[in-house]
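S.K.: Below, each chain spelled out in residue letters.
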Amino acid sequence: MGFFSKFRKKSPWILHYNTGGCNGCDIEILSALAPRYDIERFGMLNRGNPKQADILLVTGPVTKNCKDVLRRLYLEMAEPKVVVAMGACAHGGGIFRNFYHVENGVNNIIPVDVWIPGCAPRVEALIDGMVEAIEIWQQKSKEKEYLRDHEKVIKTLGVEDDG
Amino acid sequence: MGKIIVPFGSQHIALPEPISFLFETENEIITKVEAHIGYVHRGIEKAAITKFEYTQLPYLTARVCGLCSITHAGAVVHGIEKLMDIEVNKRIDYLRMLVVELDRIHSHLLANGHVAEVVGYENLFMQTFRAREDVMDVLEAITGNRVQYDYQTIGGVARDMDSEIAEFAKKKLKKLKDNVLKVMEFHDSDYTFGLKTKGIGVISKEMAAKYNTAGPVARASGLDTDVRAEFDYLPFEEVGYKMQLRSEGDVWARNMVRFDEILNSIEMCENILNNLPEGEYKVKVKGRPKGEVVVRVEAPRGECFYYLRGSGKKVMDRVRIRVPTYANIPILKELFLGAKYSDAQAIVLSFDPCMSCTAR
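Protein chains in written order, with the working numbering: chain A, 56 to 218; chain B, 17 to 376.
Check the hints yourself; a few may be wrong.
To be verified - Partial chain A-side listing against chain B, Cβ under 7 angstroms, derived: (1) A89; (2) R91; (3) I94; (4) E95; (5) T118; (6) Y155; (7) N159; (8) N163.
Stated by the list, open to error - Covered stretches of chain B, going by a simulated chain A footprint (3 or more residues, C-beta under 8 angstroms): (9) 53 to 62; (10) 256 to 266.
Because the hints were derived from the structure by calculation, they are not lab data. Remember, it's a predicted structure, so these values are computed and weren't measured experimentally. Cβ atoms here follow ideal geometry from the backbone N, Cα and C, with glycine treated the same way.
Pulled out of the complex, with its shape left as it was, chain A reads as follows (with noise of 0.2 angstroms):
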């Protein structure tokens, strides 16, 4: 373990992106950030910047015009990271499954590593998740697995026609 990951488990950013869905994950997140759970407990702030941040939250199930957005903001993150995919639509469409235009879940676009089901998920869920993608961030920190896979990541996102 090296002497930043000593410390970076109790400073994990989160990034979060609403990728089409009714907004109502995305306020309770906001209320997630509130005093009744408080979030920043556990060290989380809710930061703009995908360059800083360490956890992608993820809601809604991916809009055609939402798709390449995602898989930037996804690319733009610093290793190692974790995806959070929060709500029933992020979940491979939910109600909008075959819609139009809709890309059926976040998984279609970029590999995820916890769900959060719920239609909307409660704050007590939400946190849960938040926690177990601690846990899986410290994983990937130790084994330094994104080395060995990044070729393939960037083979299955097509970053050549990013443009």
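For chain A, the structure is supplied; the task is to place chain B on it using the hints.
M.R.: For chain B alone, kept in the frame of chain A given last:
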């Protein structure tokens, strides 16, 4: 100084939803703006006439928007009941009205907290959200969920309310009122908060009428428009509805109008809880929707318009939705020109934009 182009969105810390603006700025003054609002388009109107039966429509339209799910579901339910000639009793009307008003309270508190955050008052954001949790508790006790309620069904509501929940709700609403008054007093009196919000993004009454604005944005400019007073769908006047108007038309006035409406809604909820009529919470439903109908309801952001057409089949022929944020986008673009870039966030969020409604 040359021109600098600043992108705002679609992923941005101040925005919970994807919307993107391209600001062309000159010495921090915005000279040109381009908006792209189509990120959230899912094709709900098409799916409503191909994939879903009319009994499932309230559940689909509730997912148009998480913040005002109850108004979208309510509009569809009201329209279909008109087409099928269903008369609901007074208890159902009152229960529906109660949840609609509670939803308005939580939506307005969220909007005000958000404005406070982007003008640099994170503490005020936290306090507003602390107050908001009380109304979320009440909603959870009545409907069973915090965000997506699925409370209104065709011919009634999903579950009844007993006196225990009513007592709990009254207690919580009293606490909420005290907290809201505290936060509102801060908005009213704080000098630095005023510097960031007063006189920013001013809409005159003439402008508001010309651009056909809706909801709190129009009422903050003194334009008296409210569907609750204009269209007869629920008996709001019986429980003490009053139109709230302000005349300043800036970011501060839009916040204050929302606070006024919160206080009015709390009063209405207390009246409903005190005089809840007896009766069944579901009535019998027969037949299929046939004919066409126009429904207007007041969402937290303004007028929400539904057009429904059915021809006696299980699937409707046409479902058309027009939402309040869509009506407010043209004037939003106009306000940016000549404003400082540092005020852009506050102007956007004072409109309380709901992109998942707008693009559907």
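S.K.: Give a verdict on every hint.
M.R.: Going through the hints against the structure:
With a least beta-carbon distance of about 3 angstroms to chain B, the hint placing A:A89 at the interface is held under the 7 angstroms criterion. Proximity of A:R91 to chain B holds as hinted, the smallest CB-CB distance being about 5 angstroms (cut-off 7 angstroms). For A:I94, the interface hint is violated, the least distance from its beta-carbon to any beta-carbon of chain B being 12 angstroms, above 7 angstroms. For A:E95, the suggested interface contact is broken, since its CB lies about 10 angstroms from the closest CB of chain B, more than 7 angstroms.
Look at A:T118: its Cβ gets to within about 6 angstroms of chain B, closer than 7 angstroms, so that hint holds up. Taking 7 angstroms as the C-beta contact cut-off toward chain B, the hint placing A:Y155 at the interface holds, the least distance being around 5 angstroms. Given hint, A:N159 at the interface with chain B, is violated; its Cβ is 11 angstroms from that chain's nearest Cβ, farther than 7 angstroms. Look at A:N163: its Cβ only gets to about 15 angstroms from chain B, farther than 7 angstroms, so that hint breaks.
Check result for the region 53 to 62 of chain B against chain A: holds, 8 residues qualifying (beta carbon to beta carbon below 8 angstroms, three or more required). Requiring three or more residues with a Cβ within less than 8 angstroms of a Cβ of chain A, the coverage given for the region 256 to 266 of chain B is violated, as only 0 such residues are present.
Consistency with the previously given hints fails for numbers 3, 4, 7, 8 and 10, ordered from lowest to highest.
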